[in-house]
Amino acid sequence: MTALQEAPAEKANASPPPQRKNRFRRDRSLLLMVIPAVVLLVVFNYVPMFGTATAFQNYSIYAGFLHSPWVGLETFRMLFSDPLFWHSLENTLVLSLVQLVFYFPIPIALAMLLHSVLNTKIRTFVQSVVYLPHFFSWVLAVTIFQQMLGGAGALNQFLRGHGLATWDIMTNPDTFKILITSQVVWKEAGWGIIVFLAALAAIDQQLYEAAAADGAGRWRRMWHITLPGIRGVIVLMLVLRLGNVLTVGFEQLLIQRDAVGREAAEVLDTYAYYYGVVNANFSLGAAASLFKGVFSLVLILAANKIAHLMGEDGLYRR
Amino acid sequence: MTTATAKTKVKVNARPNWEEPPTPAGQAGKGLILAVVVAVVAVPLWMVVLTSLSTQGAVNEAGGMVLVPGGITFEAYRQIFTNQLVMHSLLVSLGITIVGTVISMVVTILAAYGLSRQNSWAHRPILLTLVVTMFFSGGLIPTFLVVSALGGYDAYWSLILPTAVSVFNILVVRAFFANTSQDLIDAAHIDGAGDWRTLWSIVLPTSRAVTAVVALFYAVGYWNTFFNALLFLPDNQKWPLQMVIYTYTLQGNAMPGTGQNTTGQYFGTQQIAPLAIQMAVVTLTLIPILLVYPFVQRHFAKGVLLGAIKG
Amino acid sequence: MKLDRRQLLALTGLGAASGLLAACGDAKTSSGPGTTTQDQLSKLLPAYTPNELVKADIPSATGANGFFSSPTFLKYPDNPVTTSTGVPGKGGAYTTITPLWGAIPSASGNAYYAAVNQALGATLKLQPADGNNYDKILPTLFAGDKLPDWIQIPSWNMGNLGFADAVNKFADLGPYLSGDAIKAYPNLAAIPTSAWQCCIWNGKLFGLPVYYSGATIAGTLFHRQDLLAKQGINPDEIKTPDDLAALGKQLTDAQAGHWAFDDIFDGLGQVYKFPVDPNRWVIDADGKIINRYETPGIIEALNWFQTQAKAGYVHPDALTDKKQEAKQRFWSGKTAITSDGPGAWKGDDAKSGKAANPTYERQAFKLLSADGKPEIWMNPSAGMYSFLNAKLSGDQIKECLAIANYLAAPYGSAEYLTVNFGVPGTDYTMVDGNPVLTERGSKEVATSYQFLVTPLTPTTVIAGQTQVAQDYAAWEADMVKYAAKPAFYGMNITEPAQYARINQPMVDLVKDIRYGRKPVSAFQEGLKTWKAQGGDQLRAFYEDIRSKYGTGQ
Numbered sequence: 001m002t003a004l005q006e007a008p009a010e011k012a013n014a015s016p017p018p019q020r021k022n023r024f025r026r027d028r029s030l031l032l033m034v035i036p037a038v039v040l041l042v043v044f045n046y047v048p049m050f051g052t053a054t055a056f057q058n059y060s061i062y063a064g065f066l067h068s069p070w071v072g073l074e075t076f077r078m079l080f081s082d083p084l085f086w087h088s089l090e091n092t093l094v095l096s097l098v099q100l101v102f103y104f105p106i107p108i109a110l111a112m113l114l115h116s117v118l119n120t121k122i123r124t125f126v127q128s129v130v131y132l133p134h135f136f137s138w139v140l141a142v143t144i145f146q147q148m149l150g151g152a153g154a155l156n157q158f159l160r161g162h163g164l165a166t167w168d169i170m171t172n173p174d175t176f177k178i179l180i181t182s183q184v185v186w187k188e189a190g191w192g193i194i195v196f197l198a199a200l201a202a203i204d205q206q207l208y209e210a211a212a213a214d215g216a217g218r219w220r221r222m223w224h225i226t227l228p229g230i231r232g233v234i235v236l237m238l239v240l241r242l243g244n245v246l247t248v249g250f251e252q253l254l255i256q257r258d259a260v261g262r263e264a265a266e267v268l269d270t271y272a273y274y275y276g277v278v279n280a281n282f283s284l285g286a287a288a289s290l291f292k293g294v295f296s297l298v299l300i301l302a303a304n305k306i307a308h309l310m311g312e313d314g315l316y317r318r
Numbered sequence: 001m002t003t004a005t006a007k008t009k010v011k012v013n014a015r016p017n018w019e020e021p022p023t024p025a026g027q028a029g030k031g032l033i034l035a036v037v038v039a040v041v042a043v044p045l046w047m048v049v050l051t052s053l054s055t056q057g058a059v060n061e062a063g064g065m066v067l068v069p070g071g072i073t074f075e076a077y078r079q080i081f082t083n084q085l086v087m088h089s090l091l092v093s094l095g096i097t098i099v100g101t102v103i104s105m106v107v108t109i110l111a112a113y114g115l116s117r118q119n120s121w122a123h124r125p126i127l128l129t130l131v132v133t134m135f136f137s138g139g140l141i142p143t144f145l146v147v148s149a150l151g152g153y154d155a156y157w158s159l160i161l162p163t164a165v166s167v168f169n170i171l172v173v174r175a176f177f178a179n180t181s182q183d184l185i186d187a188a189h190i191d192g193a194g195d196w197r198t199l200w201s202i203v204l205p206t207s208r209a210v211t212a213v214v215a216l217f218y219a220v221g222y223w224n225t226f227f228n229a230l231l232f233l234p235d236n237q238k239w240p241l242q243m244v245i246y247t248y249t250l251q252g253n254a255m256p257g258t259g260q261n262t263t264g265q266y267f268g269t270q271q272i273a274p275l276a277i278q279m280a281v282v283t284l285t286l287i288p289i290l291l292v293y294p295f296v297q298r299h300f301a302k303g304v305l306l307g308a309i310k311g
Numbered sequence: 001m002k003l004d005r006r007q008l009l010a011l012t013g014l015g016a017a018s019g020l021l022a023a024c025g026d027a028k029t030s031s032g033p034g035t036t037t038q039d040q041l042s043k044l045l046p047a048y049t050p051n052e053l054v055k056a057d058i059p060s061a062t063g064a065n066g067f068f069s070s071p072t073f074l075k076y077p078d079n080p081v082t083t084s085t086g087v088p089g090k091g092g093a094y095t096t097i098t099p100l101w102g103a104i105p106s107a108s109g110n111a112y113y114a115a116v117n118q119a120l121g122a123t124l125k126l127q128p129a130d131g132n133n134y135d136k137i138l139p140t141l142f143a144g145d146k147l148p149d150w151i152q153i154p155s156w157n158m159g160n161l162g163f164a165d166a167v168n169k170f171a172d173l174g175p176y177l178s179g180d181a182i183k184a185y186p187n188l189a190a191i192p193t194s195a196w197q198c199c200i201w202n203g204k205l206f207g208l209p210v211y212y213s214g215a216t217i218a219g220t221l222f223h224r225q226d227l228l229a230k231q232g233i234n235p236d237e238i239k240t241p242d243d244l245a246a247l248g249k250q251l252t253d254a255q256a257g258h259w260a261f262d263d264i265f266d267g268l269g270q271v272y273k274f275p276v277d278p279n280r281w282v283i284d285a286d287g288k289i290i291n292r293y294e295t296p297g298i299i300e301a302l303n304w305f306q307t308q309a310k311a312g313y314v315h316p317d318a319l320t321d322k323k324q325e326a327k328q329r330f331w332s333g334k335t336a337i338t339s340d341g342p343g344a345w346k347g348d349d350a351k352s353g354k355a356a357n358p359t360y361e362r363q364a365f366k367l368l369s370a371d372g373k374p375e376i377w378m379n380p381s382a383g384m385y386s387f388l389n390a391k392l393s394g395d396q397i398k399e400c401l402a403i404a405n406y407l408a409a410p411y412g413s414a415e416y417l418t419v420n421f422g423v424p425g426t427d428y429t430m431v432d433g434n435p436v437l438t439e440r441g442s443k444e445v446a447t448s449y450q451f452l453v454t455p456l457t458p459t460t461v462i463a464g465q466t467q468v469a470q471d472y473a474a475w476e477a478d479m480v481k482y483a484a485k486p487a488f489y490g491m492n493i494t495e496p497a498q499y500a501r502i503n504q505p506m507v508d509l510v511k512d513i514r515y516g517r518k519p520v521s522a523f524q525e526g527l528k529t530w531k532a533q534g535g536d537q538l539r540a541f542y543e544d545i546r547s548k549y550g551t552g553q
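Protein chains in written order, with our numbering: chain A, 1 to 318; chain B, 1 to 311; chain C, 1 to 553.
It is worth saying that the hints were derived from the structure and are not from the lab. A few of these clues could be false.
Claimed, not checked - Which residues of chain B face chain A? A few of them, derived with a C-beta cut under 8 Å, are:
id, residue
1, Lys-30
2, Leu-32
3, Val-36
4, Asn-179
Being a predicted model, the structure only gives us computed values, none of them experimental. Cβ coordinates follow ideal geometry from the N, Cα and C atoms, glycine included.
When you get a sec, could you build the whole thing from the sequences and use the hints?
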């Protein structure tokens, strides 16, 4: 009986760690396989990273990277001394946390629900429909929300028509983070299901059969087989999500920022947009994205470490 | 290599005999949840499609997106499809999507397998090298400079190669590959199969769900490619479909600062609302997406490889 | 997906109209403000020779300070004159990039492109680009040295280019056009001086103006004449902001989905006398240069608008800063009073509005004022310019200018028909005396050649709506009577980069107040911060400009 989550020890027994050199020879073909991806990433991701240097320059597109004056940490000093920057960071982190709690579990739950539906036709239909909003632009998504829940939307016109108090969630700064999260649920949950469905499909059916034979009911099987079966993917997604904790939907927020005001809606990406891009301050934009990169990398590695400590795989096996 | 052929196909639709029959309450609960979920998505979809088919009058009556059918017209679609460039760009998009997806899948599967073996030489530093690219980018202008220095300006490959590798996808596929039974792989190795053969005949056949999903991710990415076309393809004749039909959404959009519409005047046929054209563009974007999912779903079938793992 | 980018850029695009980017640009510069002195100007400016070949049905009205309204044509002249002799081009081939807000035509099999290129005697390879994403494309073209031979750049995209530096990539047209040299190009000579003035940076003439007029009005307050009439309101009696406020209650019926106002805050600039983009600086009664935010008017306007918003007379969607849907709200009668660019008042607008309601009628209010002394600051004459690549040889530049001369042929000429409408019978036909695109024409003709250079923009009959053209002409003739120049009218000034960041907090604060999230009293606090963070220094910079280069008065 082979479980999906194998104990590492078991593997180590199967092939004891050979010498460094021997390992290299043994793994030649594996390394060969990685080369195309590494080459593409080096050319199209690493080489352009010289652009990061602009964070330490007073960059001008006319002087170019070679001739723009160097200013050391000046841009960072400016960034870190700006209260608006810290405020946007705070908003970003809070929003990320709200989404982690209220968005992250939903695709998993929906995937499990959908997976338990036996009729393939219904499954395919539901899934084909619910993943479509992912392909809506944020403008369209927000327009739809506005038309349903806005001050002149269907809900409020109904309330007005019955002499009831109106409820405009679209312009309320206090509930803005909830609004943003529910929009994300509406737009992205259907798309988020897919990878979990793939994970569910990979679970060995004999495990269920054996469990059922042992008298385990529906819920027990879910708890002891289904969840552990997709745990690796859940942890991977969670680790990746933590790595993206400073990314909370630039367009979605940009479109709705002025409806609730800067104080509620400014996040790191919109801050970098308004103070970097719009003001043609390429160096500020580069500094903000460098900050974001370092923060995210540290976080994802920490999350990975924690996953390992808890006996999970994370990005890779320990 | 007898292991992989020992498949016991289970009928896809049927409830396995060990599973207890569903309770009516459970069925009803599931049905209700799914119905609500579908409705929440389907109503806006209906509005999108209906608006794309509505006359300017119907849109004016509704004051925006149309919920209740008023005047119906196919004018928006007619306007889009009578443009020669649309048909040409459809071919461009198909080409980009097919070539791009093939390249991406090959690169991704190879990299994912190459990194999936525990204890393999240098897999951790390489993984880290990959992960770093998820968080650091040189920005728009440096990327533009590199791609155009390599001759990508005004060339189709600029729509494919710069975005060919998604580290996210590699990590996902890698995680699935790593879960492939070590027993199977060891058995293959004992049978004398090298890594290439193991990947091809053991790992890939047992990972159809994830490869289908990642192929879907790549394909819709290429199909919707827009930003690189905007930057790298000045020549309209090379534009992909998304870029061409997108320009229709600008129709009736005022030139900034003046309120003036710069589109030439023409009133041979029915007046069409800018909103209707925008929604027609959305609908045209969704149709291929809607059609492609069932092909992915086929690979999700439960128990396709029952018994394979037993060996 | 794509719509998002459209709107995203509509946001920044509208920013150009209403808030974020100054036309003259705030960006880093290594070569100073790029401004030009009056002395230099007088040497640089081409001699003006108005074109008198075609007579307008309603001639331009001359207003205050040298501003004049657009000539109006109710039908295309019967026997269009030819303004140029022979074929302008010498068989050269040039690439162009121009923004486009509309569907991209196919270049292959395009009868219009072929006809115009044939008439030009040159091959222009037209590469229209997405106008809403133009600000993304431009920096890459500059940084990657991929500029075409001929490119058009709107003023609202210059802000993030540091334009005093950017122009060095373009050819200095002074030697070919300054003073009497322009007489070799009679149609270019008919471009008014105020338009040429916008084309000068660093003491050199670089640009060719695109879509300019004798009085460029940023925007104005429109109303649904039919809806006002239903309530027995006579729009001519609305003269003050108080009169306007009184309409709020009368025109609002929230239960029925009708509100009096859209987001008309920018339109209040002309009522309460604070400059709206691209203008930011004016000279007060004491001769002091003051910023938009230092005018007393902006506070009154904030008060006015917040009061209306809180009373529930503003459409709720308009309070979410979604201006791109304002036209649809107006067509649908969900709002009765809106603010928009004057270009919104055209025949095609009437057609869209009448689709569901045949009584639809857009009209503009006559200029309102809070103090009984109506006055309106004009925008720079031209808002877009085209440039020739500095790499072109002298002969190539001359060929391009000859082509430009052809493209700038005035309304009513034979060339104008070719450039704007293509092949007769194929791309357009005459309907009631006006050229109208055929179905094929509507696919082939896009604003492409016209975005390289244009003649003086006329008012014409569109979609057969003669009355609209007449009403517009009458309104414009009235408006130019009150036309005034902001502090640095028509001058190109690139601000030092460090001041760019102080503007955004004020933009945000103004929105917070007008949408009712903060009290009007919060404005003074924000203004204090603005001054301390660089506003006062920025004013000093402009005082310095005044002493070195003079003002635009």
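To see whether the hints hold, each was checked on the structure:
1. Hint on Lys-30 (chain B) holds. Least Cβ distance to chain A is approximately 6 Å, under the 8 Å limit.
2. Evaluation of the Leu-32 (chain B) hint against chain A yields a violated restraint, the C-beta minimum of about 11 Å exceeding 8 Å.
3. Given the 8 Å rule on beta carbons, the hint for Val-36 (chain B) is violated: about 11 Å separates it from the nearest Cβ of chain A.
4. Here the hint on Asn-179 (chain B) is kept, as its CB sits about 5 Å from the closest CB of chain A, short of 8 Å.
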